[in-house]
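Enquirer: Sequence:
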Amino acid sequence: MLSQADLKARIDTELRAFVGAEADLLEAVDPLLAPVGAQLRAAVADGKRIRAAFCYWGWRAAGQGDTPAMVRAAAAMELVHAAALVHDDLIDDSPLRRGLPAPHVALREATAKAPDPDGAARSLALLVGDLLMAYAGQLFTGCGLPALYLSRARPMWSVLARELIAGECLEVLRTGTETDPAESLAIVRYKTAKYTVEHPLQIGGRLGGARERTLGVFSDYGLPLGEAFQLRDDLLAVFGDPALTGKSNLDDLVAARPTALVAFARQGAAPGDRAVLDRLLGRDDLGPADLAETRAILQRSGARGRVEQLIAQRVRRARAALAGAALPRSAAEALHQLAEAVATRKS
Numbered sequence: 080m081l082s083q084a085d086l087k088a089r090i091d092t093e094l095r096a097f098v099g100a101e102a103d104l105l106e107a108v109d110p111l112l113a114p115v116g117a118q119l120r121a122a123v124a125d126g127k128r129i130r131a132a133f134c135y136w137g138w139r140a141a142g143q144g145d146t147p148a149m150v151r152a153a154a155a156m157e158l159v160h161a162a163a164l165v166h167d168d169l170i171d172d173s174p175l176r177r178g179l180p181a182p183h184v185a186l187r188e189a190t191a192k193a194p195d196p197d198g199a200a201r202s203l204a205l206l207v208g209d210l211l212m213a214y215a216g217q218l219f220t221g222c223g224l225p226a227l228y229l230s231r232a233r234p235m236w237s238v239l240a241r242e243l244i245a246g247e248c249l250e251v252l253r254t255g256t257e258t259d260p261a262e263s264l265a266i267v268r269y270k271t272a273k274y275t276v277e278h279p280l281q282i283g284g285r286l287g288g289a290r291e292r293t294l295g296v297f298s299d300y301g302l303p304l305g306e307a308f309q310l311r312d313d314l315l316a317v318f319g320d321p322a323l324t325g326k327s328n329l330d331d332l333v334a335a336r337p338t339a340l341v342a343f344a345r346q347g348a349a350p351g352d353r354a355v356l357d358r359l360l361g362r363d364d365l366g367p368a369d370l371a372e373t374r375a376i377l378q379r380s381g382a383r384g385r386v387e388q389l390i391a392q393r394v395r396r397a398r399a400a401l402a403g404a405a406l407p408r409s410a411a412e413a414l415h416q417l418a419e420a421v422a423t424r425k426s
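Position 124 (the sequence shown) corresponds to 203 in the numbering used here; numbering is contiguous.
In case anyone wonders, no lab produced these hints; they're calculated from the structure. Note that beta-carbon positions come from the ideal geometry of N, C-alpha and C, so glycine has one too. A couple of the hints might just be wrong.
In silico DSS-like pairs for lysine-lysine, Cα to Cα no more than 25 Å straight-line [unchecked claim]:
#, residue 1, residue 2
1, LYS425, LYS127
2, LYS87, LYS127
3, LYS425, LYS87
Per label pair, the in silico range of CB-to-CB distance [unchecked claim]:
#, residue 1, residue 2, range
4, GLY221, GLY381, 46 to 56 Å
5, ASP363, GLY325, 16 to 26 Å
6, GLY99, ASP363, 29 to 39 Å
7, LYS127, LYS192, 35 to 45 Å
8, ALA113, ARG374, 37 to 47 Å
Please work from the sequences and hints to get the whole structure.
Expert: Given below as structure tokens:
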């Protein structure tokens, strides 16, 4: 069976070659564009490639064999993700991504002489994200699979874009408000869960001509697992090791993001703890002592434990969906491995 490490290496190669060539063409327009090209290359320099993996194994679960064209099609999922990260960091004003300056920060050097250097850098970052999303469609349609295969999956791209943007909009609209757990979980579902697991699986399966029953399994497996992925992300954002996550533990707290973790804390905290939490969330001067106090409240309120329970429940549901599915052995094994990786990841 193709290992996840080998698949990741192949996807890395495709992404770096494709984006590198496109960045070269962009820079050929004018040398002044070199910083933009550098950010395009940086956007695909690293990553888990989990979305591409789900897309690839959706294809294999449909009974199709390994092919370089499908690896390229799957790699397009990572360009959607790269675009989303650039835009997400811009929206949230996050300074770091994977331990490096986010594009809107990295590009400030290039805009230092502009009347509004920060605003100009943010504008360039927005365009980097837009270009990465355009690259995703370009790589997908030019992957080398037959046009008939591509036509089967094309409608899912509209679904992916609509639901991803819906989730982002919901997060923006609910940030700073008192969100209940159900509302926070809806953001989780649309902003991350679907485009991380369910949609890539569906696209890969549709490319491969999967039957409706198999596509149903993909949703039964993909939606809870995608939710588990984002819930784990919310925990790592506050309790994880920044050396592994590449981001500050304060980001979600400073931005007052409407996470399920915070929603459960508000629901279960004692009045005094809730007042402290409300006072700290959204402040831009938080320090280590504030982080420690917030972590203690998240523990005492039962919020951390509740989110861990939700992750475990959703991983079990995903595994149960595979148990009754007649999938090729290699694909089923790969999907079980990916479920384990989602449940136990540290970054």
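Enquirer: Hint by hint, say whether it matches the structure.
Expert: Here is how each hint holds up against the structure:
Proximity of LYS425 to LYS127 is assessed by CA-CA distance (about 12 Å); at most 25 Å being required, the pair is judged to hold. Only pairs whose Cα atoms come within 25 Å are accepted, and LYS87 paired with LYS127 is accepted, the gap being roughly 8 Å. At roughly 18 Å between alpha-carbon atoms, LYS425 and LYS87 fall within 25 Å of each other, so this suggested pair holds. Hint check: GLY221 to GLY381, Cβ distance near 50 Å, so the stated range 46 to 56 Å holds.
Take ASP363 and GLY325: their Cβ atoms lie about 20 Å apart, and the range 16 to 26 Å holds. Look at GLY99 against ASP363: about 37 Å separates their beta carbons, and that is inside 29 to 39 Å. Our hint of 35 to 45 Å for LYS127 and LYS192 holds, since their Cβ atoms are close to 37 Å apart. With their beta carbons about 42 Å apart, ALA113 and ARG374 fall inside the hinted range of 37 to 47 Å.
Checked against the numbered hints given earlier, this structure breaks none of them.
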